[in-house]
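Engineer: Letter by letter, the chains look like this.
Number of protein chains: 2
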Amino acid sequence: MDHRELVELAAEIDADLAARIDFILEVDKLKHVIRRSLLVDGSRQENTAEHSWHLALAVLVLAPRAGPDVDVARAMEMLLIHDLVEIDAGDAYIYDEEARLAAKALEDAAAERIFGLLPADEAARLGGLWEEYEQRSTPTARFAYAIDRLQPLLLNAASGGVSWTENGIRHSQVLAVNAPIADGSAAAWAVATRILDLAADRGALADDRHAPT
Amino acid sequence: MDHRELVELAAEIDADLAARIDFILEVDKLKHVIRRSLLVDGSRQENTAEHSWHLALAVLVLAPRAGPDVDVARAMEMLLIHDLVEIDAGDAYIYDEEARLAAKALEDAAAERIFGLLPADEAARLGGLWEEYEQRSTPTARFAYAIDRLQPLLLNAASGGVSWTENGIRHSQVLAVNAPIADGSAAAWAVATRILDLAADRGALADDRHAPT
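Order-wise, the sequence lines are chains A and B. Quick note: the first sequence uses numbering that gives the first Met the number 0, first residue 0, plus one each step. Quick note: the second sequence uses numbering that gives the first Met the number 0, first residue 0, plus one each step.
Simulated from the structure, these hints should not be mistaken for lab results. Note that the structure is predicted; figures quoted are calculated from it, not measured. In this text, a Cβ means the ideal position worked out from N, Cα and C, and glycines have one as well. Among these hints, one or two may not hold up.
Far from chain B by the CB rule (all over 10 Å, computed), these chain A residues [to be verified]: (1) A57; (2) A88; (3) E111; (4) E131; (5) T137; (6) A157; (7) A181; (8) V190; (9) A210.
Quick list of simulated restraints, FRET-style, between CB atoms [as the list claims (entries may be wrong)]: (10) B/A175 to A/S171: 16 to 24 Å; (11) B/A210 to A/D95: 55 to 63 Å; (12) B/R43 to A/D107: 26 to 34 Å.
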């Protein structure tokens, strides 16, 4: 049988459950979305499903470093769903501002379609969670976003900066894009800036630290 | 730089944070552990990191179907970490009882090593969470385990049962191994048994439903 037939069979027993199963099978496609970041051992690029797992787990172990106004469980939920729209819209590279703006309309439509597979109350709940993340409208969303910036930085640095080098990324770009890490943890941002300086010293990032302004 | 150098650099700034970063980089290896299940489109086998993401997300959307004594956030946390031991012990196929028993000692040592990368209080907390899952000692752990049984069943069925066929799995085996789904949701188990009957009807599962006892 296939996805469709399985959902129809489930719907004969329990329509609410069938809608949830439909969603679970649909989001499997996130495992096919390939990101720019390499795995720590440099062997291949990361996909967005495993990236999302890594972020949620990072929230779990960084929770004691979060501010008191962060809802840790909610941050985990956000990060599990934050990139589902990439199933339709693809992964827009964080350093490609044009692609990111162009993706926005596609992402909104994707959220409608994908969360819309669920029963209405659940669709509204997850849609609201995604919107909160997109808007960074709460301390929880800003903490989640900080983790979404920190993890690729750690992966890129630990795999020798290949992803930065291959894409011609400059030190100032990484600093600007990742500054929201400071909203998650001042110490994490202190570590990140040290990492980026060392990466620039070694040529893994194009060094524009002393460029004339 | 590499994983080790990055952690040493972080430790100069903040030893507690460096330990957490060490753990985050170490668990990246779960993306290399390959399971028997195929993705829904049948294109390749699933890895354990993306499997863990899929389970945590399934908990999120199946939460309204969980019993009142299930702590949903805790079930998500459990599923994010439940297979980390596979980094050292590998994935023991659910239908290979001998391999599963042989893996147990390796898995216990892996839990010691991997959770032990974290600060002591965090290591104890995650070790306890993993132990609760392993023992199925709470309604939350039994719900999490039900999801861990349901997701591969859905993937295998939706991808045409190739994983069952190739491994010569019988209907009675799948029924026995997956019966704990009923602890998570009676409706989900009703759907699962219908799926398995259809799979046996079509030869995706070896049909021993009417074998002499």
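Engineer: Broken hints, numbered, in rising order?
Structural biologist: Result: hints 1, 6, 8 and 10 break, sorted rising.
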